[in-house]
Amino acid sequence: MKQLILIPLLFCLVKLGSPEKEEVTIQRNDLVKGSWKSERIRIQYIVDSHLVYEQEVTAGSGNVYDFDNTMVRVKYPDGSTAQGTYSVVREEEEKKVVIHVSGSTTTYTLIAVTPTRMIWQKDLDDVYYNEGQTQKSAERAIYTEEFKK
Numbered sequence: 001m002k003q004l005i006l007i008p009l010l011f012c013l014v015k016l017g018s019p020e021k022e023e024v025t026i027q028r029n030d031l032v033k034g035s036w037k038s039e040r041i042r043i044q045y046i047v048d049s050h051l052v053y054e055q056e057v058t059a060g061s062g063n064v065y066d067f068d069n070t071m072v073r074v075k076y077p078d079g080s081t082a083q084g085t086y087s088v089v090r091e092e093e094e095k096k097v098v099i100h101v102s103g104s105t106t107t108y109t110l111i112a113v114t115p116t117r118m119i120w121q122k123d124l125d126d127v128y129y130n131e132g133q134t135q136k137s138a139e140r141a142i143y144t145e146e147f148k149k
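Oh and the sequence shown: position 76 is 76 in our numbering, straight run, nothing missing.
Just so you know, the hints here were simulated from the structure itself, not pulled from any lab data. Even for Gly, the Cβ is constructed at its ideal location relative to N, Cα and C. It is possible that some hints are incorrect.
Claimed, not checked - With a Cα cut of at most 27 angstroms, we get these calculated DSSO-like pairs of lysine-lysine:
hint: 1; residue 1: Lys75; residue 2: Lys136
hint: 2; residue 1: Lys95; residue 2: Lys136
hint: 3; residue 1: Lys96; residue 2: Lys148
hint: 4; residue 1: Lys122; residue 2: Lys136
hint: 5; residue 1: Lys33; residue 2: Lys75
hint: 6; residue 1: Lys96; residue 2: Lys33
As the list claims (entries may be wrong) - Label pairs and their computed distance ranges (CB to CB):
hint: 7; residue 1: Glu92; residue 2: Glu131; range: 30 to 40 angstroms
hint: 8; residue 1: Asn130; residue 2: Ser35; range: 30 to 40 angstroms
hint: 9; residue 1: Ala112; residue 2: Gln55; range: 14 to 24 angstroms
hint: 10; residue 1: Ser49; residue 2: Met71; range: 37 to 47 angstroms
hint: 11; residue 1: Lys33; residue 2: Glu131; range: 37 to 47 angstroms
hint: 12; residue 1: Val47; residue 2: Pro115; range: 34 to 44 angstroms
hint: 13; residue 1: Thr81; residue 2: Val57; range: 14 to 24 angstroms
hint: 14; residue 1: Thr70; residue 2: His50; range: 10 to 20 angstroms
hint: 15; residue 1: Lys136; residue 2: His100; range: 28 to 38 angstroms
hint: 16; residue 1: Leu31; residue 2: Thr81; range: 19 to 29 angstroms
hint: 17; residue 1: Asp48; residue 2: Tyr143; range: 15 to 25 angstroms
hint: 18; residue 1: Glu131; residue 2: Ser35; range: 30 to 40 angstroms
Let the sequences and hints guide you as you build the complete structure.
Shown next as structure tokens:
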């Protein structure tokens, strides 16, 4: 009988001793709200945990993203546009931007965001790159894109 009383008491003490993290509710989508123009894209190709090739693309060749509440409008370098939805979610200790456009979903890890600049990143698996005239493969690549508002 003593054990039946002590077990619930023990659970209460354990719960009081280690309070869970309080989640602060913020409007995460507001972090990226506005119009963002791609300023620089860097792709780092990795084989066997070694950086084997790095490629950088400067402004003028990237997309423009217009984020508003839950809607996103993407303007591509060729002038075409697409509309979809987006959300900023928290996954473990990272914030992710999830974009749903034209039937596909892309997820970026939000590295940094200020009122005028934003950087996001995503991992790519089994990719190819051109080194001179030779096409080579890499097991993964890190795609980093920097934006200006």
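Okay, the hints, checked on the actual structure:
1. Lys75 <-> Lys136: The given pair, whose Cα atoms are some 30 angstroms apart, is violated under the 27 angstroms limit.
2. Lys95 <-> Lys136: violated, 32 angstroms
3. Lys96 <-> Lys148: holds, 18 angstroms
4. Lys122 <-> Lys136: At roughly 20 angstroms apart (the allowed maximum being 27 angstroms), Lys136 and Lys122 satisfy the hint.
5. Lys33 <-> Lys75: The hint holds at about 16 angstroms.
6. Lys96 <-> Lys33: holds, 14 angstroms
7. Glu92 <-> Glu131: 30 to 40 angstroms: For Glu92 and Glu131 the Cβ distance comes to about 35 angstroms; the hint holds.
8. Asn130 <-> Ser35: 30 to 40 angstroms: Distance hint for Asn130, Ser35 holds at roughly 32 angstroms.
9. Ala112 <-> Gln55: 14 to 24 angstroms: holds, 21 angstroms
10. Ser49 <-> Met71: 37 to 47 angstroms: For Ser49 and Met71 the Cβ distance comes to about 39 angstroms; the hint holds.
11. Lys33 <-> Glu131: 37 to 47 angstroms: holds, 39 angstroms
12. Val47 <-> Pro115: 34 to 44 angstroms: holds, 38 angstroms
13. Thr81 <-> Val57: 14 to 24 angstroms: holds, 20 angstroms
14. Thr70 <-> His50: 10 to 20 angstroms: The hint (10 to 20 angstroms, Cβ to Cβ) is violated, given that Thr70 and His50 are roughly 40 angstroms apart.
15. Lys136 <-> His100: 28 to 38 angstroms: holds, 32 angstroms
16. Leu31 <-> Thr81: 19 to 29 angstroms: The hint (19 to 29 angstroms, Cβ to Cβ) holds, given that Leu31 and Thr81 are roughly 23 angstroms apart.
17. Asp48 <-> Tyr143: 15 to 25 angstroms: holds, 19 angstroms
18. Glu131 <-> Ser35: 30 to 40 angstroms: holds, 35 angstroms
The structure is inconsistent with the numbered hints 1, 2 and 14, although it conforms to all the rest.
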